[in-house]
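Undergrad: Spelled out, the chains give:
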Amino acid sequence: MNSIEKLIYPEKGKRKNIFYSGKGGVGKTSMACITAVQTAKKGFKTLLMTTDPAAHIGNVLDRPVTDEITKIDGVENLYAVKIDQKKATEDYKHSILEDAQNKFDENTIKAMTEELDSPCTEEMAAFQKFIEYASESDFDVMVFDTAPTGHTLRLLELPMDWSKQIQLKAGLSAEISDADKKQKEKFDNVIEMMKDEKLTTFGFVMYPEKTPIIEAFRASQELETVGIKTQLVVANLVIPEEQAVTPYFQNRRKMQDKYREEIKARFNEAQVLTVPMFEKEIKGIEMLLKVSNIIFE
Amino acid sequence: MGPVALIQESKKKYDDAVSKLRDPKQTDFIFVMQPEQTSLDETIRSSKELKEIGINTTRIIVNGFIPEAEAVNPFFRSRYNMQQEYLIKAKATFKGMPIQTMELFDAELKGIDMFRKSAGRLFKGSDKDE
Numbered sequence: 001m002n003s004i005e006k007l008i009y010p011e012k013g014k015r016k017n018i019f020y021s022g023k024g025g026v027g028k029t030s031m032a033c034i035t036a037v038q039t040a041k042k043g044f045k046t047l048l049m050t051t052d053p054a055a056h057i058g059n060v061l062d063r064p065v066t067d068e069i070t071k072i073d074g075v076e077n078l079y080a081v082k083i084d085q086k087k088a089t090e091d092y093k094h095s096i097l098e099d100a101q102n103k104f105d106e107n108t109i110k111a112m113t114e115e116l117d118s119p120c121t122e123e124m125a126a127f128q129k130f131i132e133y134a135s136e137s138d139f140d141v142m143v144f145d146t147a148p149t150g151h152t153l154r155l156l157e158l159p160m161d162w163s164k165q166i167q168l169k170a171g172l173s174a175e176i177s178d179a180d181k182k183q184k185e186k187f188d189n190v191i192e193m194m195k196d197e198k199l200t201t202f203g204f205v206m207y208p209e210k211t212p213i214i215e216a217f218r219a220s221q222e223l224e225t226v227g228i229k230t231q232l233v234v235a236n237l238v239i240p241e242e243q244a245v246t247p248y249f250q251n252r253r254k255m256q257d258k259y260r261e262e263i264k265a266r267f268n269e270a271q272v273l274t275v276p277m278f279e280k281e282i283k284g285i286e287m288l289l290k291v292s293n294i295i296f297e
Numbered sequence: 298m299g300p301v302a303l304i305q306e307s308k309k310k311y312d313d314a315v316s317k318l319r320d321p322k323q324t325d326f327i328f329v330m331q332p333e334q335t336s337l338d339e340t341i342r343s344s345k346e347l348k349e350i351g352i353n354t355t356r357i358i359v360n361g362f363i364p365e366a367e368a369v370n371p372f373f374r375s376r377y378n379m380q381q382e383y384l385i386k387a388k389a390t391f392k393g394m395p396i397q398t399m400e401l402f403d404a405e406l407k408g409i410d411m412f413r414k415s416a417g418r419l420f421k422g423s424d425k426d427e
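Quick note, the sequences are listed as chains A and B, same order. Anchor point for the first sequence: position 54 equals 54 in this note's numbering, and the numbering is continuous, going up by one each time. Anchor point for the second sequence: position 88 equals 385 in this note's numbering, and the numbering is continuous, going up by one each time.
Don't read these hints as lab results, they were simulated from the structure. Hints should not be assumed to be uniformly reliable.
[What the hints assert, rightly or not] Below 25 Å or equal to it, Euclidean Cα-Cα: the simulated DMTMM-like pairs (lysine to aspartate or glutamate) are:
no.	chain 1	residue 1	chain 2	residue 2
1	A	K41	A	D140
2	B	K407	A	D62
3	B	K348	A	E122
4	A	K254	B	D338
5	B	K407	A	E209
6	A	K283	B	E339
7	B	K308	A	E106
8	B	K386	A	E281
9	A	K258	B	E349
10	A	K110	B	D312
11	A	K6	A	E279
12	B	K386	A	D62
13	A	K280	A	E209
14	A	K110	B	E382
15	A	K23	B	D313
16	A	K283	A	D73
17	A	K280	B	E382
18	A	K14	A	D138
19	A	K23	B	D403
20	A	K280	B	E400
21	B	K308	A	E209
22	A	K93	B	D313
23	B	K345	A	D91
24	A	K229	A	E209
25	B	K407	A	D91
26	B	K345	A	D67
27	A	K23	B	D312
28	A	K12	A	E192
29	A	K258	B	E367
30	A	K210	B	D410
31	A	K254	B	D312
32	A	K86	B	E346
33	A	K254	B	E339
34	A	K210	B	E349
35	A	K280	B	D313
36	B	K386	A	E279
37	B	K345	A	E90
38	A	K258	B	D410
39	A	K290	B	E333
40	B	K309	B	E346
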């Protein structure tokens, strides 16, 4: 296997988790779809997970994707599931507050509710779903288009689960029960798995331009504080050289070249995968099969 | 105590600020999007959410158009046509709302000169739309 292949295919008998990070609109969902199609094509039973609220994944696959794991027609071994972030977040809040309501007074509940209104809660809820699927399923590869940030992972690493941390923030002491300890153990196992470079690949998707590079670099530094290295960087929408026939596009291509060099310099321990611009949007199984061949073969 | 309890006394300030956001005479809420499916979907969704809390989108800027003169080969012709189709879709979706377009430049938007140039073009476009 070459170095990119090592990042997306599992070792014999093991699982591979692939997380994509990056700002909205840079092509995370497309990359997740392309990667999942590729690993499925190679015979690995693959689950593609997305939290995309605009249900973009259904558009890209051109197949309905729901919050139940569904087999995707047209690619052997490929399954997809959409995590309804809003619903997952509401469920998650509800479960924490329901438990708290029996124990604490109104003001405390108010304070806890407020603490739960943080972007962290959404990531936490989505991540909880990932843990659920990760610990119960028999997939060889799991591709997730929404990686948790370093900040969220750091919270998960604290010696108690997040609902307890919220209680603490709300000014209560939190007792840790045996059930909590078990839950915490499950979290710890998943986090250990995420830190294991052989089992998990963290990838950043970006345009080869100044600001996206800096933002991704900062986010990857934050991940490093919890012991997770960025192994893969995707430079997306690179103008194919043979298509840059006017000075205008040649200039843009030159600019992209410069920033691809900067990506290599900044993320010097990661593999850089160049994804070209195509003449149309990446959409439909047929195109995904074609694009995954161009990128990975 | 949670943060809200600590800022209770400033509540009026915040209420005022939000009511200013809701007043189209005082606030322009402008969405910037790319002429692509995802970006259009995202803009529709977000503007709907804002509307639910009483904030109306007043203008949309569709950014990153390939200049027609540069779409000389089939590859960029195809992308050019795709972008134009999404502009039509955006106009159909946000009927009656001013929609401005902005071209992709051959260099990064960096430095005062570049912004002078791009601002000129952006606001030239707006005269036409209003």
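Undergrad: Each hint needs a verdict: does it hold in this structure or not?
TA: Here is how each hint holds up against the structure:
| no. | hint | in the structure |
| --- | --- | --- |
| 1 | K41(A) x D140(A) | holds (12 Å) |
| 2 | K407(B) x D62(A) | violated (38 Å) |
| 3 | K348(B) x E122(A) | holds (22 Å) |
| 4 | K254(A) x D338(B) | violated (31 Å) |
| 5 | K407(B) x E209(A) | holds (12 Å) |
| 6 | K283(A) x E339(B) | holds (17 Å) |
| 7 | K308(B) x E106(A) | holds (21 Å) |
| 8 | K386(B) x E281(A) | holds (15 Å) |
| 9 | K258(A) x E349(B) | violated (44 Å) |
| 10 | K110(A) x D312(B) | holds (20 Å) |
| 11 | K6(A) x E279(A) | violated (29 Å) |
| 12 | K386(B) x D62(A) | holds (19 Å) |
| 13 | K280(A) x E209(A) | holds (21 Å) |
| 14 | K110(A) x E382(B) | violated (48 Å) |
| 15 | K23(A) x D313(B) | violated (32 Å) |
| 16 | K283(A) x D73(A) | holds (15 Å) |
| 17 | K280(A) x E382(B) | holds (12 Å) |
| 18 | K14(A) x D138(A) | holds (10 Å) |
| 19 | K23(A) x D403(B) | holds (23 Å) |
| 20 | K280(A) x E400(B) | holds (18 Å) |
| 21 | K308(B) x E209(A) | violated (41 Å) |
| 22 | K93(A) x D313(B) | violated (29 Å) |
| 23 | K345(B) x D91(A) | holds (23 Å) |
| 24 | K229(A) x E209(A) | holds (22 Å) |
| 25 | K407(B) x D91(A) | violated (44 Å) |
| 26 | K345(B) x D67(A) | holds (23 Å) |
| 27 | K23(A) x D312(B) | violated (31 Å) |
| 28 | K12(A) x E192(A) | holds (19 Å) |
| 29 | K258(A) x E367(B) | holds (22 Å) |
| 30 | K210(A) x D410(B) | holds (18 Å) |
| 31 | K254(A) x D312(B) | violated (49 Å) |
| 32 | K86(A) x E346(B) | holds (13 Å) |
| 33 | K254(A) x E339(B) | violated (30 Å) |
| 34 | K210(A) x E349(B) | violated (35 Å) |
| 35 | K280(A) x D313(B) | violated (46 Å) |
| 36 | K386(B) x E279(A) | holds (19 Å) |
| 37 | K345(B) x E90(A) | holds (20 Å) |
| 38 | K258(A) x D410(B) | holds (21 Å) |
| 39 | K290(A) x E333(B) | holds (21 Å) |
| 40 | K309(B) x E346(B) | holds (24 Å) |
The structure fails hints 2, 4, 9, 11, 14, 15, 21, 22, 25, 27, 31, 33, 34 and 35 (numbered hints given earlier, in ascending order).
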